[in-house]
Amino acid sequence: MDQETVSTICYLARLQIEKNKSKKIKQDLETIIELIGSLQKIDTSNIDPLYNPLEMTALTHDDVEKSDNKKDKFLENSALSNEDYFLVPRVVE
Amino acid sequence: MSIQFKSISELRAMLDEKLISPLELTQESHQLAKKFKDLNCFVTMNEDFSIKKAGAIDLEKENNSFLLGIPLAQKDLFCTEGLRTTCSSKILSNFFPPYTATAVRKLEDAGSITIGKTNMDEFAMGSSNETSFFGNVHNPWRKGYVPGGSSGGSAAAVAAGIVPAATGTDTGGSIRQPAAHCGITGLKPTYGRISRWGMIAFASSLDQAGPLARTAEDCAILLNTMSGHDPKDTTSLNIEVPDFLSKLNEPIKGLKIGLIKEFNLSDLDQEVQARFEESKKVYEKLGAEFVDVSLPNISASVPTYYSIAPAECSSNLSRFDGVRFGHRAQDTDDLNDLYIKSRSEGFGDEVKRRILIGTYALSAGYYDAYYKKAQQVRRLIKNDFDHVFESVDILMTPTSPSTAFEFGSKGTQNPVELYLEDLFTISSNLAGLPAISIPHGQVNSLPVGLQLIGNFLREDQLLNVAHIFQQNTEFHLSKPNMENFK
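Chains A and B, in that order, give the protein sequences. Numbered per the numbering used here, the first sequence finishes at 93, counting up by one with no gaps. Numbered per the numbering used here, the second sequence finishes at 486, counting up by one with no gaps.
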């Protein structure tokens, strides 16, 4: 894994790694990738992936309107909001 | 009469016999939490509200549920309405949820009293509780030693006798391993048994809530209340929940217990092996039979887990962007900069490491090689379990390869060293199976745990087998000397 790959992954994950930690994080990622890479030696041809141990989920429910609107409570948890919206830096010039 | 180290059943009897009132019980629990504050097992206390709730209980008038007036602690990963919920992360250090997790709500509706929120590894990512933004939790058995993780605060609070029981969550061993290191009983139920709604997600196909308590009987009491279908969690099972308490005390003569050949126990510390052999003898005396079984793919559990869990974590933790809740960075240039700075300031190193691994495993060109591959191996592991449960009732392993260890002594140079702590526990999460850890003696004056893994939805059998062990041994009655924490 080169430093450029590490930078790309960091950007995809919207994370910044401090300069003094970048060498260690690259080393850690390599160690972990090596660990999970050990799975390659297992023959999994014709085996379906098991994404969930139950395999009987994603129940649907009726599309019924519920009246537990907690807008104010949700907005309270934002660092910056007005009475209706979460506020963020300008995205349209 | 002190309430310290009492089980739920003992406290219930004290309440029913009017030896103590619900208010006095909750007050004493808070006093113990203050007395042992150096353990650092709580992140936030719920003192005013809990004392008010306990004071309002009228044992004469109210229907006596087992949990009425019983103080409990909740892992700080369960959302609690109006009570700060941090997941032991800086990013949520000022988060007040607008709702309460179903599992906690059920316990509170049954009359239990939440006295506080317990410390944990940040976002439940860790096996030693050393990744918490709020500092390390001490093991009540030895200061300066880890309590295990990620539910380390819950395990320490129960082991120290502050509360009779606490909630935890288990994604790769996070209930069982701290239970083992702290000398208490911890149950990870079948995936889908308890609603995950209101739990802050780490790895959604592996996460499961469960109880940590002093006995298997108390775990049965808590599981009775916590279980059941919740329309808000589409993975919660819509099936009838048995009365786990009524299934205890079944004789275990003829019970077939499987020993997994692939786990070479001779590699472990001799004393850890010795405790395991002694527990085998206990079960043999009670009429159980031991059978060697093979799970050919089980040694792939750790790499499988460390591909799947980080992948799911990277997706789940994308919601922490500094916009709607959680820490928001100041002085940002634009929206993208706000995301990057808020996340980078808010998450600790282990969380960042796992997000990066997951992002890598899910990225174009690597998805098939890492993520899909791991999910295929996961099926092989589950198939192995399905196969062995055709011939045995239960599987038995040590819970952890070693005892609790000193702060900073594992995983600082190489994170994989700490990942191997979960060697025996991870496979039941991958397969969705229930498993329990019970104390079975000590090594160098520190407790060690015995893990029993049950078949799908057979918590009744698992709890019974654990309960019978505790009826015939006294390991679960051992208490740490708390002199060092006063």
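A few of these clues could be false.
[What the hints assert, rightly or not] Derived lysine-lysine pairs resembling DSBU-like cross-links, with alpha carbons at most 35 Å apart:
id, chain 1, residue 1, chain 2, residue 2
1, A, K19, B, K232
2, B, K410, A, K19
3, A, K23, B, K232
4, A, K71, B, K410
5, A, K23, B, K341
6, B, K232, B, K372
It is worth saying that the hints were derived from the structure and are not from the lab. Just so it is clear, the structure is predicted and the values come from calculations on it, not from any experiment.
Pairwise hint evaluation, B:K232 against A:K19, where the allowed Cα distance is 35 Å at most: 43 Å, violated
Keeping to a limit of 35 Å between CA atoms, is the pair of B:K410 and A:K19 held or broken? Satisfied, since the Cα-Cα distance of roughly 24 Å is no more than 35 Å.
Given the hinted pair A:K23 and B:K341, is their alpha-carbon gap at most 35 Å? 20 Å, holds
So if I understand the rule, the pair passes when the alpha-carbon distance is 35 Å or less; does B:K232 with B:K372 pass? Within the cut-off at roughly 28 Å; holds.
Does B:K410 lie within 35 Å of A:K71 when you go C-alpha to C-alpha? 45 Å, violated
Has the given pair, A:K23 with B:K232, been kept, meaning a C-alpha gap of at most 35 Å? With a Cα-Cα distance of about 43 Å, the restraint between A:K23 and B:K232 is violated, given a limit of 35 Å.
When each numbered hint is compared with the structure, violations occur for hints 1, 3 and 4.
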